[in-house]
Amino acid sequence: MEFFLSQLQGFGGAFAALVTDPITYPYIIISVFLGIVFGALPGLTATLAVTILTGFFGNKIPLDYALIALLGAYVGAIYGGSYPSILLNIPGTAASAATAMDGHPLAKQGRGAEALGLTTTGSFIGTLIGTAALLVFVWALLLISQSIASPEKALLALFGILLSGTLMSEDLVVKGWIAGLAGLAMAMVGLDPLLSEPRYTFGWSYLLSGFQVVPVLMGAFAIPQIIDGLRQIDAGKVIALKGRILPNLAAIRRHMPTIARSGVIGTGVGALPGVGEDVAGWVSYGVGKSASHDGKNFGKGSIEGLLSSETANNACIGGALIPLLVLGIPGSPPAAALMGAFKINNIIPGPTIDPSIILRVCAIMVLASLTMFIMGLFTARVFIQILRLPQTVFLPVVLILTTIGSFSVGGGINDLYLMLGVGALAYFMNLMRYPIAPLVIGVILGGLFDETFRRSLLLSDGDLSGFFTRPTAAVLLALNVALIAGQLPVVRRTFAKLRNR
Amino acid sequence: MGIEKLQAELDKDLEMLRARDFWGALALIWCAVFFLWRTSFIPFLGENRAGVSGAEWYNSAAIVPFGIWFAMLLLGLVLLRIAIKAGGAKRAFSAVGLGWDRQEAIRIGSIAVIMGMFIFALVPRVDFILASGLVITALIYGFHAGRVERMLQSTVAVILPGIYALFMHFPQAEWNKPHDDDWLVMAAWVLLTLWMFAHDRSRIARATPWVAVLTPLILVTAMAFGFRQNVPNRGGLLFSKIEYHYYVTLRPLWRN
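So the sequence lines, in the order shown, correspond to chains A and B.
Using numbering that gives the first Met the number 0, the letters of the first sequence correspond one by one to residues 0 to 500.
Using numbering that gives the first Met the number 0, the letters of the second sequence correspond one by one to residues 0 to 255.
This is chain B alone, in the form it adopts within the complex (with noise of 0.2 Å):
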C-alpha cells in the first residue's frame, strides 16, 4: 500500500511536470524564434561587418548563434512533443495540473518582491546598511514561521520605501544627497523590528536585530576599509559617517 501511495505521487509529480514542461517549451520556441530574428541583425552573407567588408560566412558574428538557437528551436519541439505525448497540454490549463499552491505562490511572489525591492529600488538609493538591515529583517521575521500575514508584512515593510526611493529618486541612482529615502528605509527597519518584538518573543527574534545590524556592517566596512573595494553608495547616511570617521578619526591614530 504504501509502495502504490508513493508511485501515485511519483506519477501525480511527473504529470505536473509535464504540464510545465509544455508552456516551457512553448516559451522556449518563442525564445528561440524571437532570437533568430534577432541573430538575423548580425550580418551574415557577404555584408560589411565591423569594418570588413567581403568577408564570408564563416567570418560571420551569427554563425555559432544562429547554430545556438536553431538547436534551441529543434530542442524546444522535442521538449513539446514529449510533454504533449505525456498528456502535458491537456493538464496545462488546470491550477492542479500546474501544482498550483496559493500560500507558496504568496512565499514566491514575497520573496521576489522583497528581492527586486532591494537589488533594484534600495541598493541604487539608499544607504547598503540600512537598505540591508530592512531586508534581513524582513526575510528573518517573514519567513521563519512560515506564516502568510507575516510574510505580506515583510513585503509591505520593504516596497513602501523602496517605492518611495524609486520613483522620488527616479531614473538614477542618487547616492548622495538628500538622504530622505535613508530616512524612510530606517524609519521601515526600526518599525518592522518593534512590530517583530510585539508579535514573536523567540530566540530567533531576539537575534535578528544582531545579524541585521552586524552583517551589513562588518561586510561593508571589510570591503571598503580591508579589501579597498568599491561598496554601494558611499554617501549613505551611515556610511558616510563611517567613512569619514575611519579617514579623520581612526587612520591617523596608527599613520602617526
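If we strip away everything but chain A, and leave its shape as in the complex, we get (with noise of 0.2 Å):
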C-alpha cells in the first residue's frame, strides 16, 4: 500500500510540474494534433511520426520537451488511425487494421459518429489504463532489473530480437529473423565497443561512428512508404457523419468491461520486446470475439469489436515504454524511434535510468491523452477534411521533412546517403514481405547484444556457462531456444502430433 501512495505521490508531483508549466501546452497541442494528423493519412504510420518529430525535436529542445512532442505524437498517431479505418475501410496505421472490420460496417448503418466518440473513449482509457501499468509495473520491474548483469542484458536483447523477428513475420517466420539479424549486423558497422577496432568501415572515416540511428529510422521508415504511397489511388468516398460524436455514460458503462479486458490485453502484448500496437489491436479483437457476447457480430459492424481493437493499441502504447525504460529494449517501433530520441540525448534506458524521467513520462501520456481526448470529441470534423489529402501531396513533402531531419540531427550529407541506402534496403525488404520492425530493434539493440555478450565472455575468460548456470540468464536463454525451437518442422510435427492425442 505504501508502494501505491508513494507512486501516486510521485506522479502527483510531476504531474503538477507539468501542467503548470506554460511552454507544455504549445508542445502538447500540436504534438497531438500532428499525431492525429499523422495517424490519420493513410500512408503515413505512428512510427513515422514519431521519427520524424525525433529528427526535430530529439536534440533540439531540452529533454523533458522533447518528450512531450515525441509521446504527444506516439498516443495521437495510434489513436488518429481510427480515422481512415472507420470512415474509409482503409486502415491509417497498422494498428488499426483490425478497427476497420467494424468500424466502416458501422458508419455505413449510419454510425460513424457512435464508432468515433467510443473509439475515442476506448482509446483515451486504454492509454490510461497502459500508463498505469507502466506507473506500477516499471519500479518493480527496476527492482528485479537492479540483479541484471552483462549475460542476462545480452539474451534479452537476443529475445527482443527474435520475438519482434517471429511475431512481425506476415510471410515465413525466417524472414523476420533474417531481418533482425541484418539490423545486428548493422549495428557492427564502426569502432567496436570494448577494443576499438574498426569493423566494416571500407575505409570511410564516416562510417568509423557506426550507423546514426535517425538516419537509419527515417530511411527504414519513411523511405518505403514515400515509393509505395507515390501511386495514383482512388481513396474511395468519405462517409458523412451524422448524430453526435460524444458518446452518452450509459454506453460506456455498458462496454467498460469490453475496454477494462482490451486494456489489459493491449499493455501485456506491448510490454513484450518488440511486438507493436497492430499486433496488441489483433490479438485483443481475437480475444474479444471468442470472449465477448456479441461475438458472432464481429466483423459485421460491432461496437465491442471496435473497442477490443482501440482501446488494445492504445494501451499498448504504456506497455512497450515499460521493456523501453527498464531494460533499454523497446516494445514496439514507435518505441524504437523514442530510443533513439533517448540515445541522440545521450540518456540510456535501463536499471541506471533516472526516476524522474519515468514519472515524467507517466504525467504526458496522462496529459497527452487527455488532449487526444478533447481533440477527438471536439475537433473530428477537423481530421475528417484532412482524410481528403491525397498522399501524392503530401508524401512529397515527408521526403523533405525526413532529408531535413536526418540532416540535422547528424549535421552532415552522410547521413542522408545512409538514409536512402537503408530506405532502398527497406523497400526490397518490403517487397518480399520482411517485417521493417526487426531491423530497426536489430540496429538498436546490436550495440547492446555485442557489448554485454561479449563482457560476459571477457569476465568469465571465455566461460560460456554463465548464460546457463545464473538462474535469470538460464530463464532467458531457455526462451530464446524454445522460440527457435518452436519454428523449427520436427518439433512442430511433434507438438501437432501430442496435441492430436
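Partial pick of chain B residues on the chain A-facing surface, computed with a CB cut under 7 Å:
(1) Arg19
(2) Glu55
(3) Ala60
(4) Ala70
(5) Met71
(6) Leu74
(7) Leu78
(8) Ile110
(9) Ile135
(10) Leu138
(11) Ile139
(12) Phe142
(13) Gly145
(14) Pro215
(15) Gln228
Calculated directly from the structure, the hints in this document are not laboratory data.
For every residue, glycine included, the Cβ atom is placed at its ideal position computed from N, Cα and C.
Make the complex out of the two chains shown on their own, each in a separate frame, by following the hints.
Written out as C-alpha cells, the structure is:
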C-alpha cells in the first residue's frame, strides 16, 4: 500500500509540474494534433510520426519538452489511425487494421459518429490503463532488473530481436529473423565498443562512429512509404457523419468490461519486446471475439469488436514503454524511434535511468491522452477533412521533412546517403515481405548485444556457463531456445502429434 | 466462384513471392559469404588487436559478427530450400514468375532516380529550397495522375540539373559559389511548373506551387533560426539572402 501511495505521490508531483508549466501546452497540443494527422493519413504511420519528430525535436530542445512532443505524437498517431479505418475502410496505421473490420460497417449503417465517439473514449481509457501499468510495473521491474548483469542483458536483447522477428513476420518466420540479423549486422559497423577495432568501415571515416539511429529510422520507415505511396489511388468516399460524436455515459458504462479487458491485453502485448500496436489490436480483437456475447457480430459492425482493437492499440503504448524504460529494449517500432531520441540525448534507458524521467513520461502520457480525448471529441470534423488530402501531395513533403530531419541530427550529408541506402534496402525487404521493425530493433539493440555478450565472455575468461548457470540467464536462454526450436519442422510435427493424441 | 478466384490470386502471389525469395536467398548467401570473408580481416585468434597483444578469442571484435553472418548463411540456405521446394527456382527466370510490370517498373525507377538525384546531386550542391521545390513539383506532377509520360517528364526535369550539378561541381559539395547550378535548378523548377499548368488545370496542380515553395521555406527557416540547427547549403542562392536579411535587417528590430 505504501508503495502505491509513494508512486501516486511521485506521479502527482510530476503531473503538477507538467500542467503548471505554460510551455507544456503548445508542445502537447501541436504534437497530439500532428500525431492524429499522421495517423489519419493513410500512408503515414505512428512510427513515422515519432521518427520525424525525433529528427526535429530529438536533440534541439530540452529532453523534458522533446518527450512531450514525441509521446504526444505517439498517442495521437495510434488513435488517429481509427479515422480512415472507420470512414474509408483504409487503416491509417497498421495498428488500426482490426478497427476497420467493425468500424467501417458501423459507418455504413449511419453510426460513424457513435463509432468515433466510443473509439475516442476507448483509446483514452486504454492509454490510461497502459500508463497505470507503466507506473506500477516499471518500478517493480526496475527493482528486479538491478540484479540483471551482462549475460542477461545480452540474452534479453537477442530475445527482443527474435521475438520481434517471429511475431512481426507476415510471411515466413525465417524472414523476420533475417531482418533482425540484418539490423544486428548493421549495428556492428564502426569501432567496436570494447577494443575500438574498426569493423566494415571500408576506409570511409564516417562509418567509424557506426550507423546513426535517426537516419536509419528515417530510411527504414519513411523511404519505403514514399516509394510505395506515390501512385494514383482512388481513396474512396469519406462517409458523412450523422449524429453527435460525444458518447453517452450509459454506453461507456455498458462497454466498460470490454474496454478494461482490451486495455489489459494491449498493455500485456505491448510489454513484450519488439511487438507493436498492430499485434495488440489483433490479439485483443481475437480474444474479444471469443469472450464477448456479441462475438458472432464481430466483422459485421460490432461496437465491442471496434473497442477491442482500438482500446488495446492505445493501451499498448504504456506497455511498450515498460521494457524500453526498464531494460532499454523497445516494446514496439514507435518505441524504437523513442529510443533513438533517448540515445541522441545521451540517456540510457535501463536500471540506471533517472526515476524522474519515468514519472515525467507517465505524466505526459496522461496529459497527452486527455488532449487526444478532447481533440477527438470536439475537433473530429477537422481531421475528417484531412482524410481528403491525397498521399501524392503529402508524401513529397515527407521526403523533405525526413531529409532535413536526418541532416540536422548529425549535421552531415553522409547521414542522407545512409538514409537513402537503408531506405532502398527496406523497400526491397517490404517488396519481399520481410518485416522492417526487427531490422530497426536489431540496429538499436545490436550495440547492447555485442557489448554485453563480449563483456560476459571477457569476465568469465571465455567460459560460456554464465549464460545458463545464473537463474535469470537460464530462463532467458531457455526462452530464446524455445523461440527458435518452436519454428523447427520436427518440433512442430511433434507438437502437432501430441495435440492430436 | 469468388473464393476460388481469390484463392487462385493468392496462390499466384505466393508463387511470385517464392520466385523472388529464390533470388533473395541467393543474394543473402552471397552477402553472408562476402561478409564472412571481410570479418576474417578482424583479428580473431591470438593476433595483436587494437594495441592489445596476446588476447584470447573471446576478446575479439569478430566473434559477434562471425555469429551473425554464419546465422545469415544458415537462414539463407533455409530460405533457398523453401523457395526451391515451392517452385521458386523454376519461375525465377520468367518475367511473369517475378511479377514484372512495366508501368510499375517505370514508376519505381522514376522515383528512385528523382530521390537519388535529390540526395546525391542536388542537396550537396544546390540551394535546399530550390532543390526541394523542384523535387516536390516533380513528384506531385509526375505521380498524382499515375501517367507514365508525366513520370518520365518529371524525371527529366530533375535529372538534367542534377547531372549538371553533379558533374560541374564534382566531387565535393560546393555550397558557396558559383551559383550556376542554383540558377539551372530554378529554371527547371519554373519550366516544370509552367508545363504542369499547361497540361493540368486541376485543384492539385494549382496547389502544387504553394506546397513546393512553402514547405522547404518554412522548414529551413524554422531549423536555421528557430532551432538554430545546421541546414544544408547556407550559401545557396536563396538561403544566403534569407540569412543575410534575418541577421542584418530583421534581427536588429527586436535586438535593439
